[in-house]
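There are 2 protein chains.
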Amino acid sequence: MRSVCVIGLGLIGGSVLRAAAAAGYQVFGTAASAADRAAAEADGFTVVSTVDEAVIHAAERDSLIVLAVPLTAAPDVLTVVNRFAAKTRLTDVMSVKGPIAEAVRRYTPEARYVGGHPMAGKADSGWAAGDAKLFEGAAWVVAADEGTDPIVWAEVATLALECGAYVVPAGEGDHDAAVARISHLPHVLAAVLAAVGADGGPMAMALAAGSFADGTRVAGSDPALVKAMCEGNRDALLDAVDDALGRLGAARGSLASTGSLGATLESGYRARRAWEAGREQAPEPLTSVDLTAPEAMELLRSLGILGGRITSLDGMTAVGEYADWPI
Amino acid sequence: MRSVCVIGLGLIGGSVLRAAAAAGYQVFGTAASAADRAAAEADGFTVVSTVDEAVIHAAERDSLIVLAVPLTAAPDVLTVVNRFAAKTRLTDVMSVKGPIAEAVRRYTPEARYVGGHPMAGKADSGWAAGDAKLFEGAAWVVAADEGTDPIVWAEVATLALECGAYVVPAGEGDHDAAVARISHLPHVLAAVLAAVGADGGPMAMALAAGSFADGTRVAGSDPALVKAMCEGNRDALLDAVDDALGRLGAARGSLASTGSLGATLESGYRARRAWEAGREQAPEPLTSVDLTAPEAMELLRSLGILGGRITSLDGMTAVGEYADWPI
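Just so you know, the sequences run in chain order A and B.
Okay, so the first sequence: first residue is 1 according to full-length UniProt numbering, each after it adds one.
Okay, so the second sequence: first residue is 1 according to full-length UniProt numbering, each after it adds one.
No wet-lab data here; the hints were simulated from the structure.
Any given hint could be a false lead.
One copy or two, either will do: identical chains are not told apart, so a pair holds if it fits within one copy or between any two.
SDA-like, lysine to any residue: derived pairs with alpha carbons at most 25 Å apart [what the hints assert, rightly or not]: (1) 227 / 258; (2) 227 / 250; (3) 87 / 154; (4) 227 / 245; (5) 122 / 158; (6) 133 / 164; (7) 227 / 274; (8) 87 / 294; (9) 133 / 220; (10) 227 / 246; (11) 133 / 209; (12) 227 / 266; (13) 122 / 213; (14) 122 / 273; (15) 227 / 253; (16) 87 / 49.
If we strip away everything but chain A, and leave its shape as in the complex, we get:
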């Protein structure tokens, strides 16, 4: 029976444990938080007390190990993985790929690692916030860098698909650059907007409604988790923040000098409408990638770069669709 060991039972790890169990995997896990461990156990899941125990069990059962801990906790966990299950099949569900891949190379160099990142979340955190259906219809990035073991890639992609997600193949760097723009920058801008609004005092707060409510929603997320996520992707996020500063500065200059915000608002409108149109598009004709071919990872990365996705696996053939993002 296919077995999955989830290390870290917060919102994402806890949801993977539930979703994998619902899909028929044998699952077990552990968490640093005694409260999360107790809650998961009370919900009927097999939970062990320490990372050591979890990794030893995983080695015995030939489990796929899923890392779902904060990036800062990864070195300690990976050291344990290397001690008890050095050649394990390993993935993660963390929000940056470059730094965690670097940590894997350093702390558990023999592991058969393929990084992952489900693009799902909500403002609440911890085991109690988890949901077996969290990943339904969501993108789940599976890293497809050169040298990736296609067997493990297929196993990780299968887990993602069986959790209800579709798979977006991506190189580490491409992934990290993309999420800096569409996941980490939104948190920084939401925080800035919330603070500038509050600086307007009680009247501004009393008048704030739709646009402020939407624009600041993610500023209500646990700041420690957001901080770890954003700081873990520092280099790519700096590029994205610089682009935002450039565009906001240009808007400021134009408003001050000519009184116009036309260029800013029209480019934003085009971008948002293109994104909406892209999400609603009919699937393009299917494509398939033979995962055993030498160029498989390159083909997968090309598919991801073009906004495409893998929607099923048939043995070692990945079946997917290209998209047509009108940007």
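Given chain A's structure and the hints, the job is docking chain B onto it.
Chain B only, in chain A's frame:
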């Protein structure tokens, strides 16, 4: 019978016409758009073809005139008001107060004008997007500057209350500074975020989900309407953009030098949570303002500055509640 003449039948004007009719007012209106006029008429409302006709009817019926046109159209409409109904009772539902008050003083100086601004909206525009319930539970700013005629203030506040809103009294400048932060800046930041996201290409678009979706929602609004709204509040918006640039630049500097986004994310978290807590607070003990007293407008402005609101009118006594915004 109390009568209301609405000039401009887009989303906001069309919603005022419907809500006032539902509240028992005799209503009629006009719009520059022949399509909006025809649609309103098809829905059973009295619609005249020109602003001249509307203002002449309003003078005959002693109607309260409600301006619901873009700021750029205000001078022409006000010139007609001055020609046919120079001493009319006049309000507006436009998103800035200083520039429209200035236009009133210039083009129809004898009008008994009290500015208004319902804080409600949605992404769609035009008569068809209007809704009699658009203002239910929303803030509706009613300007309370020195020299305001308390009779007209009470009439405008009554219209707002009967449309389902509560009234936030505010000076022109205080209003414009507040909405720059919580209504206009959110549109600018949403446009910037959408464009920076799209610059990431199809993969970024394909991975964008919750935080990008929320942070860019208002970027999908009609850019011509947003442009008119934001550009009409240029000075206050420049201050808000400068504050955002300052905070975003500080975040960038901290991330680059120390790797930390802690200060940015924590201040945003505090602000968002304070806003959520303020919205959910139980009403404070009631307060009342005698609108016939010499200090009435000053008291109303103080109430607004503190985040309070007027929730009913009893003759010339405005009854309301203070708030306790925890910022």
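Subject >> Up to 25 Å CA-CA - residue 266 versus residue 227, copy category >> reply: between (32 Å within a copy, 9 Å between copies)
**OP:** Since the copies are identical, ignore which copy is meant and state whether residue 227 and residue 250 lie within 25 Å (CA to CA) inside a copy, between copies, both or neither.
**Re:** between (28 Å within a copy, 15 Å between copies)
Subject >> Alpha-carbon proximity context of residue 227 and residue 245, limit 25 Å >> reply: both (20 Å within a copy, 20 Å between copies)
Subject >> Within, between, both or neither, where residue 227 and residue 246 count as close if Cα-Cα is 25 Å or less >> reply: both (23 Å within a copy, 20 Å between copies)
Original post:
What label fits residue 133 with residue 164 when the C-alpha limit is 25 Å: within, between, both, or neither?
Top reply: within (7 Å within a copy, 38 Å between copies)
Original post:
Between copies, within a copy, both or neither: which fits residue 227 and residue 274 at Cα up to 25 Å?
Top reply: between (30 Å within a copy, 20 Å between copies)
Original post:
Is it within a copy, between copies, both, or neither that the alpha carbon of residue 133 lies no farther than 25 Å from that of residue 220?
Top reply: within (22 Å within a copy, 29 Å between copies)
Original post:
Given identical chains, is residue 122 near residue 158, meaning Cα to Cα at most 25 Å, within a copy, between copies, both, or neither?
Top reply: within (24 Å within a copy, 41 Å between copies)
**OP:** Classify it for me, residue 87 with residue 49: is the Cα-Cα distance of at most 25 Å met within a copy, between copies, both or neither?
**Re:** within (23 Å within a copy, 80 Å between copies)
Subject >> Copy assignment of residue 87 with residue 294, given that the CA separation must stay at most 25 Å >> reply: within (23 Å within a copy, 83 Å between copies)
**OP:** Using 25 Å as the alpha carbon limit, work out where residue 227 and residue 253 are close: within a copy, between copies, both or neither.
**Re:** Cα proximity of residue 227 and residue 253: across copies only (15 Å, versus 31 Å in one copy).
**OP:** Could you figure out if residue 87 and residue 154 sit no more than 25 Å apart (CA to CA) within one copy, between two copies, both or neither?
**Re:** Within one copy only: 17 Å inside, 77 Å across.
Every hint from the earlier list agrees with this structure, and none is contradicted.
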